[in-house]
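Undergrad: Read off the chains here:
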Amino acid sequence: MIIPRTIRQFKERIDHKAGPHGELFAPYEGDEVVSLDCETTSLNVKEGEILSIGAVKIKGQKVVTSERLDIKLKPPKSLTGDSIKIHKIRAADLVDGVEMDEALEQVLAFVGNRPVLGYYVNYDIRMLDKFLRPRYGFGLPGKAIELSHVYHDILKWKSIGGNVDLRFDTISKNLDIPILERHTALGDAITVALMYVRLKYGEAPRV
Amino acid sequence: MPSSFNMTNMPFSLLDEPEQTLLRNSLDIGYYQRNETILAAGDVPEGVYVILKGVVSENDVGGSDVDHVFVHYTAEDYFGGWSAIKGRAIHNFIAEEETICHILPTKALLDLCAVNSRFADYFQQSLSAKTEIRSELGGDQDMAEFMLAQIKDGAIREPLIIQQGDSIETATRLMRQQRADCMLVKRGNRYGMVTGTDLLDAIVIDGFPLDTDVAEIASYRLITTASDDYLFNALITMTQQHIERVVVMDDQQLLGVVELTDVLSYFSSHSHVIGLRIERADNIAALREAAEGLSDLVRAVVGQGVKARFVMDLIAAMNGRIIAKLFDLIVPLDMQPHVCLVVMGSEGRGEQIMKTDQDNGLIYRDGLIWPDMYKTMRHFTDTLISFGFPECPGNIMVSNPAWVKSIGDWTQQLSDWSQNCDGLAQMNLAIAVDAHPVAGNHALFKTSRNWFMRHLQSNKVFFAHFAKVALEFDTPLSFFGSLKEKGQLDVKKGGIFPIVHGIRTLALEYRILETNTFKRIEALVKLGQIKEKHGRELCEALSLFIQVRLGQQVVRTESGNVDQTPNTVDLALLDKMERDMLRDALHIVKGFKKHLALRYHLAG
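Sequence lines, in order, name chains V and W.
Position one of the first sequence corresponds to residue 1 (this note's numbering), numbered consecutively onward.
Position one of the second sequence corresponds to residue 1 (this note's numbering), numbered consecutively onward.
Mixed in with the good hints, there may be bad ones.
[Said to hold, decoys possible] Facing chain W, according to a computed beta carbon distance under 7 angstroms, are these residues of chain V, among others: (1) 61; (2) 62; (3) 63; (4) 64; (5) 65; (6) 66; (7) 197; (8) 202.
Derived by calculation from the structure, the hints in this document are not laboratory data.
Ideal Cβ positions, reconstructed from N, Cα and C, are used throughout, including at glycine.
This is chain W alone, in the form it adopts within the complex (with noise of 0.2 angstroms):
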């Protein structure tokens, strides 16, 4: 088929010249009417089905279930290649409208598979190895900051340059008084570069006397760069010829030299110097501006693609600095030991990204009397509240006297709501047991959540109520079939809350003390409670997830209205394989919640 099959797309972009030519030799038409069964589960499938034109709705087998559409794909997806390389298809594909397939048989996709390793990776592997494959090839969107900036960015030094002649001693003396540990030699019209391990060797093993030439032990095999090279290249080289320096020249002409330790220390400058203002700000006005930059620093970390998960483990480290200096500047020092702020919810996740809303609360000692708790604790919402931290709209901060608590109140309300099965104990259930202490006594906090753990542990009934709202919303797969003209799709009832909610009810009943989602995935791997292979899918999924509506969410900012729905992904906006990794990824989803229903007996 000559032209018209378009190689450009995911994974057959991934084919070279000569295997490009043998899949369009390979490939055959074929046509379905609506509502005819291209593949049914069971049937050895032909092979791989690009569409041409035309739905095809992937389903599942019918059985007990009422028949639930997984997947709908259109005009240049593919389907049924995990079927063909299986041998069987286990769902059913039904044409939902008229619908034209160009066929790739299953022996040339065995074939390709054979030749092509990332093409075969592609068609076989997890969410994980696509986003890998992805990352790999997907330009700068996956990028760390430091892997863009480039070797002009500030990391060349000016290099020490002697003259033929000079003798060792000359240059050593030269390089403690410019406290270099190496130098370039000019000889004639070149370059050699000296370093003090070089001058050491010489002097001690190699036994030269001190008034050598320096242009005798010097090397000129210099390894080089050009100025607008990525610093990620030069840090490339230096590693595959294990050396420490690269020689800067643009164009015969020399700029100076590249270390290892400057390459590798400017990633963190920029978090490391914010962390630094906070813990110096000795005043409220201090710490504001501290916060603000902040924002800047999510901006640029976020624009730059760093991977939405170390993103939240930046920001949750800072939000914890920033709230913490806080409560030392607002808190009366006397009054510190008796008390422990925690942050709820998404914050005590470590979870957040964009500054959402504020979830904290206060536990102090039993019998503490302190008459000013109140209005400080007014004022510490009202400062978080102007350093940028919107106020909570369900009133889940310390200004609310309901989540200001001794430790006897807090541990009663938290098995009260754990005992009543209304739908908001359930949430401020979970939103509480998510909490994380940042400020204060810590140990007030872990001997609530110890009892409170304790305490659970003999209520079965509790886990099955609290893991069913993780399936109350529906794994929205459904809505691809529409998907170019008004897909939109609620990344958190769909995909996002059923993952966390459901790690958290897990992760309550083995007792782990984690609370961010990923970490708890950890933890119930270890413990062998879930598949690595589950957890590894389930961290890909929820990464892609927050991934997907980060990148949304800061466009949507950035155009400078408020963002209305923070959860929205509108997915038209995605590339079609940013939409395969999504369907994948609800895949996932809709696995885990299965698993849930069967573990907590919630089928029905």
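Looking at chain V on its own, in the form it has when it is part of the complex (with noise of 0.2 angstroms):
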């Protein structure tokens, strides 16, 4: 049965709370915002292993890319040639790759109770979930923000009826913002990051 996200959260909270992991389950009170991205084998949650994890912190105005996560994983078995083609990443290149619980445990570290961002987030944090759930019980706590809807929302007001083109291309290209590098895990999270900071703090783009 699909259980909504929120729903399991709040499960989740009330069953945590007071376990080792409590802290997550408080709710966040700072400033700051996770930009994170993973690279996959597949776009099927299901089928699909991770193979690299890149997240930023995001301050306010700026992208903290001086606190940074950036995992390689050791290599799935299900690393195919259909993935490789898209993310470029080959089982040789993640050779010094780490343990999946490892990485979990460093996404958690890195990540607390903070919103995270993402372009498609929910698929990432699904992604995520799928690891963390048998481990540790629980998916990541934090509020969940779509870069797409946060872009939406601004540019519906400039373009009533019509259809928003919600392209990762689009986006960045509208708000006119650099692809630092596009299919890595890092470059993508810090375009989003900076994506974000523009849609926050910039005037509306031009469409």
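Mind docking these for me? Both chains are given alone in their own frames, and the hints should help you get the complex.
TA: The following block contains the structure:
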């Protein structure tokens, strides 16, 4: 059965508030957001494996790239030709990769209870949750911020009734944000972070 | 930040691999809206900002002045480094467009400065330090001609070879016979070297008999070099090893010996030959030929990137000789002691490189009767034109009677100009006070100059008027924002003229007899009228302007056209580093203009 994320999070909060990871379930008070991105072998959450995870913190108008997460995982069995063509990560690129347990530990420590920002962020969160749940019994605790929604909300006032093109490249072009390194987890996370800062603090983009 | 940060730009390219990693790991990215103040004067800066996208202006702190934009920074430029090191920003930095910057935090900057001294110099030091760092790294741009010469370019001497078993006596006789002072001894497959000093020491100090095998006293640790190595490297080797010869070997094949004296004489040969030709010319045709050789020399020397200041010295000396020689050939011998030929303007300052127009004049003894004077002077000017010295558009030439005057008229003219405030008079005066005697009786010139300088002492108002001209043109720093598309800079109005004229004013006030701006600056520093640091900066800035202008002039004239815009610098043709230096140099000009304004009470 598909249980909506909010309900699951609500349940997990009650279950784990007093547990060893209780601090993750306190409501977030700070002003930071974590932009997160995963490179995976498949766009289907059920089959997919995580190859790398990139994340940076956003503090106000600043993308704090000096505090970042750039994890490469050990190559999974499902690393095949098709996905390699997209993310250009070969098994050979992952030989120094870390184990999933270690990676999840780092992600939880880095993200904490901060809101998580991403482009189609639910996919990344579900991907991570898939591995988190069996080990910890809960998924990422923070609020999710979807970049394309932020973009859409700002844009819809400008183009009433029209369809808003929410493709990654279109958004970055309209926002005039350089795509730093497409298809590396960290590069995408930074680009998304910049787009978010631009949307929150800049003028509405001209379309 | 993995690879979006461009490490190939100065000064970041000075960092080595681990330092670059440290830098990458410390970078943050900031986003700024249009008109947002990134850093305000008095703030503690976060660090150095390197622009990824956008435009940032650096502004003066409000105050009485209207806000004046110093500089615009665009993509890949950095700003705030100096403020970060100092701890407080002294100017405002404002985003002119939406801007994204990499931020290198102050702590990381200081760490990098601590481990890499050249990187530190780059952020802290003056323009001159930057120039030095650049010339150190700048490849062949600033290398002198002789540094680019290879050993095979004619410096190899054929070696004198002697076999093992020959005696010291035979060796000495052979050396004397061949007028050599060193020889190579072949011992089996190896060569050893024996010099005249070695032979002398062997006999006098070590007491070897004359029939000793010369192979016994040879030195077999030969210092070698390859024929395609730079002559310059051979010189360094010799200096390091305290030797005067190196052996040239290509693939174990002995080619010869390079001697220290040959290396040293290599550099001066070109100019020396032309100087000699000018000296020897005994008719106008021969002199014309020598003068034409000069243009080739300039092109060659400039093409090889010899520093503009040295080229200027060379050209001034050569032009002076040509003009003086022509004077000797044209002016009758009995008239020569009674007249003095002066060159003025840039020629008088010795700051000419490309042949610009001739500015010259004649001072003659009061009451001289020389009916042919104007005819002769007309001939003089025409001949110079035929040598390739273009006519002066302002007609400041000896063919114009207005510039041929007796001492009395000359001094009267100078003092009239100095009391007149109109532009033409001021300009004529500026040209005339740079006069420098090149031929005839120099005492005539000195008399009038000394009189004029004394006369000026009592005229304080004059200096204020005179200095004002230096402030007439705006320092064109605000051009930089749109630099990539249409940036054109009149480097004479913006940079050269304010320095030259300001220094000229100060030099007149302190009765400095030098006419060359660099030498005037040195003299002013010696008198304590300019701080040593400022003097050095002004010299650096001026030579940078001249160098940049020259580089583009050469390109324009080489493409075969007449250079219509000799003072224009196309900023798009400069690399980022050159633009940086130009910007620093313009800052120096701006500072100097402020100094002049204060000193001569020209505010307002």
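Undergrad: Can you name, in rising order, the numbers of the hints this structure does not satisfy?
TA: Of the numbered hints, all hold.
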